[in-house]
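Next come the chains, spelled out residue by residue.
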Amino acid sequence: MQLLEFQAKELFREYGISLLDSISSTNIEEGRKHAKELGYPFVIKIQVPVGGRGKAGGIQKCQNDDEFELKYPQVMDLEIKGEKARAILLEKMADIKKELYLSIFLNRSKRCYTIIASAEGGVEIESVKNQIIKEIGLGKVSDEVADEVAKEMGLEGSIAEGVADTLKKLSKLTIEKEAELVEINPLAIMQDDSVTALDGKFVTDDNANFRHDELQKYQEKTEIEEQAEKSGFSLVELDGDIAVVGNGAGLVMSTLDMLSDNGGKPACFLDVGGGATTESVYEALTLISKLDRVKGILVNLYGGIVKTTVVAEAFLKAYENNLIDLPVFSRLKGTESEKAKEMLQGSRTNIFDSVEEAINAAVMGVKK
Amino acid sequence: MTDIFGLLKGKPEDADYCKKGVIVQGITGSYGSLHAKQMISYGTNVVAGVTPGKGGQKFEETIPIYNSMQEAVDATNAKISIIYVPAKFFLAAAKDALNAGIKLLVAIPEHVPIRDTMEALDLANQKGAVIIGPNTPGIMIPELIKIGIMPPMPFKAGKIAVLSKSGTLLYEISDALTNAGFGQSITIGIGGDPVNGTRLIDAFEMVKDISDLEGLVIVGEIGGDSEEMLAQKIIDSGFNKPAVAYIAGRAAPKEKRMGHAGAIVMGTYGSAESKVSMFNKANIPVAKRPAEVPVLLAGKMEK
Numbered sequence: 001m002q003l004l005e006f007q008a009k010e011l012f013r014e015y016g017i018s019l020l021d022s023i024s025s026t027n028i029e030e031g032r033k034h035a036k037e038l039g040y041p042f043v044i045k046i047q048v049p050v051g052g053r054g055k056a057g058g059i060q061k062c063q064n065d066d067e068f069e070l071k072y073p074q075v076m077d078l079e080i081k082g083e084k085a086r087a088i089l090l091e092k093m094a095d096i097k098k099e100l101y102l103s104i105f106l107n108r109s110k111r112c113y114t115i116i117a118s119a120e121g122g123v124e125i126e127s128v129k130n131q132i133i134k135e136i137g138l139g140k141v142s143d144e145v146a147d148e149v150a151k152e153m154g155l156e157g158s159i160a161e162g163v164a165d166t167l168k169k170l171s172k173l174t175i176e177k178e179a180e181l182v183e184i185n186p187l188a189i190m191q192d193d194s195v196t197a198l199d200g201k202f203v204t205d206d207n208a209n210f211r212h213d214e215l216q217k218y219q220e221k222t223e224i225e226e227q228a229e230k231s232g233f234s235l236v237e238l239d240g241d242i243a244v245v246g247n248g249a250g251l252v253m254s255t256l257d258m259l260s261d262n263g264g265k266p267a268c269f270l271d272v273g274g275g276a277t278t279e280s281v282y283e284a285l286t287l288i289s290k291l292d293r294v295k296g297i298l299v300n301l302y303g304g305i306v307k308t309t310v311v312a313e314a315f316l317k318a319y320e321n322n323l324i325d326l327p328v329f330s331r332l333k334g335t336e337s338e339k340a341k342e343m344l345q346g347s348r349t350n351i352f353d354s355v356e357e358a359i360n361a362a363v364m365g366v367k368k
Numbered sequence: 001m002t003d004i005f006g007l008l009k010g011k012p013e014d015a016d017y018c019k020k021g022v023i024v025q026g027i028t029g030s031y032g033s034l035h036a037k038q039m040i041s042y043g044t045n046v047v048a049g050v051t052p053g054k055g056g057q058k059f060e061e062t063i064p065i066y067n068s069m070q071e072a073v074d075a076t077n078a079k080i081s082i083i084y085v086p087a088k089f090f091l092a093a094a095k096d097a098l099n100a101g102i103k104l105l106v107a108i109p110e111h112v113p114i115r116d117t118m119e120a121l122d123l124a125n126q127k128g129a130v131i132i133g134p135n136t137p138g139i140m141i142p143e144l145i146k147i148g149i150m151p152p153m154p155f156k157a158g159k160i161a162v163l164s165k166s167g168t169l170l171y172e173i174s175d176a177l178t179n180a181g182f183g184q185s186i187t188i189g190i191g192g193d194p195v196n197g198t199r200l201i202d203a204f205e206m207v208k209d210i211s212d213l214e215g216l217v218i219v220g221e222i223g224g225d226s227e228e229m230l231a232q233k234i235i236d237s238g239f240n241k242p243a244v245a246y247i248a249g250r251a252a253p254k255e256k257r258m259g260h261a262g263a264i265v266m267g268t269y270g271s272a273e274s275k276v277s278m279f280n281k282a283n284i285p286v287a288k289r290p291a292e293v294p295v296l297l298a299g300k301m302e303k
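Chain order of the listed sequences is A and B. Note that my numbering numbers the first sequence so that position 24 is 24, with each residue one more than the last. Note that my numbering numbers the second sequence so that position 196 is 196, with each residue one more than the last.
No lab work stands behind these hints, which were simulated from the structure alone. All residues carry an ideal CB built from backbone N, CA and C; glycine is no exception. Please note that a few of the clues may not be correct.
Said to hold, decoys possible - A partial selection of chain A residues facing chain B, derived with a Cβ cut-off under 10 angstroms: (1) Q2; (2) R108; (3) A208; (4) F210; (5) V236; (6) S254; (7) L301.
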């Protein structure tokens, strides 16, 4: 899970990383109070768990009350990469000399933590020039490595000390919280040569959540996502109208790709897990019945150890209980698929031999 | 380099040639017992199970259960184990196995914290052992040995090596291959996690020198750069047998985890475009759909 900027900054503060004064709010009344406390000028920053906020107009300078009244609601109403504002952060304006880049991430192919640093920050990582990349094993960043990185960035004196110190704190945070990525971009050199984190990005390893109760308060899930998690499913909501269900992340991704290739628009990605049982498929249909925008359901199941007849039972049960009144386009492959087809004959489930046929029918079906 | 066939089959002079013993960790759990039975019925020689606190009992009235891996290894001399314990107990189980001398560890659990995977890998490196997974369907030589959770139907003995990050796509694509007359010499599930005990490049090293190998199928997905690394390795190694790839997740939105912990695109890192373009550079065609894989493979073979 990617934390919001203000949440990442809460963690930064806890680890002694220098920050500007800032306050987060979720409505304009709160925001007005904070504006008074903070005093102009400040920056209004949308809080969404994705990058590219600046380009999308989600970060606005604010000099006075009039600008505040105009810009706060504007920023609040933005949608960036499909993400609505979770909060608004007001942050003091900074008088800065230079913007640096600093991050520590879990290097998947090298299987160790890796530092990326640059003296030319403030742009998206892909555009950051002169990157210094250092693999640092599984332990914390040592004094020597931190000094070396600052030196390679071309920094000297108190600035170099400040950056090295920030890097060590960042590494302590990364390791203790088991983050996949912690990024400060930009890390600013202030007029007095101190260094301050102007932005913060923090991606958790959700599989380590059971060891980090302190991060649970940052979990924000929709009701449906929560139910999906309880059932052991993976659900990603998308903005189309055909719900895509299958077993196994790879298979569902593949179905999503083929659906998109054929002009369909997926409403969600729902992986019920490698196996498929009557209960899990019934649960999946229950979840989808709660998504308003869905006009049809595309099911692609590869019954491995589990028999497809068991899956067919779930459909029949869902219709019997009037859970679903949408057309269902399904491809069931695996053991007893002939019998499963017989069971579903005449029901709401249209069964197809190939996933391609099911997809084409689904795309046509929702157009009606 | 790992001699994976040496580990899985042994040498013709071995008394247990093609019947190498496998220990099942977590054999009394519902998941472990279901799949232990499935493995046995496939012909895998399951010689022992381990469940702490249940030592002395028997699984299916024949297979002895031990409290620890050390006891199980002492009694059976097995070098292979498969772990079916819940993710939070994975690291302890892996350490138990590696310290007892296991050389091939198949890690089934999904949701293992990355740090635990990295610690287990660190120990495996020290011990000269190989970990497949976590979050993998396992590894198999069709019609000979199955160490994992894959259903038997899609697979048939043959001469194509299949390496896959995804479980169900491995079944789906192997099924398509089998139907097109392409059996498999070995299939290796890499796993869908960000950090894999055996990366695609490691798995490639394991299979590239199989003497009668006729083709290679790579089933990748968005996230990370292991497909790119593999493509580069194939270019560098001069590997010239027919190879075909498939990449899942082209239509996935950025910065969203698509089911697998590892399936996430950050900026351009991990994108399908990046992987496809590297495979193209390596002269490896990338199928648009799983069903297209055998078609492209047949095309490569004609050339």
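Consistency of the hints with the structure:
| no. | hint | in the structure |
| --- | --- | --- |
| 1 | Q2 | holds (7 angstroms) |
| 2 | R108 | holds (4 angstroms) |
| 3 | A208 | holds (4 angstroms) |
| 4 | F210 | holds (6 angstroms) |
| 5 | V236 | holds (5 angstroms) |
| 6 | S254 | holds (4 angstroms) |
| 7 | L301 | holds (9 angstroms) |
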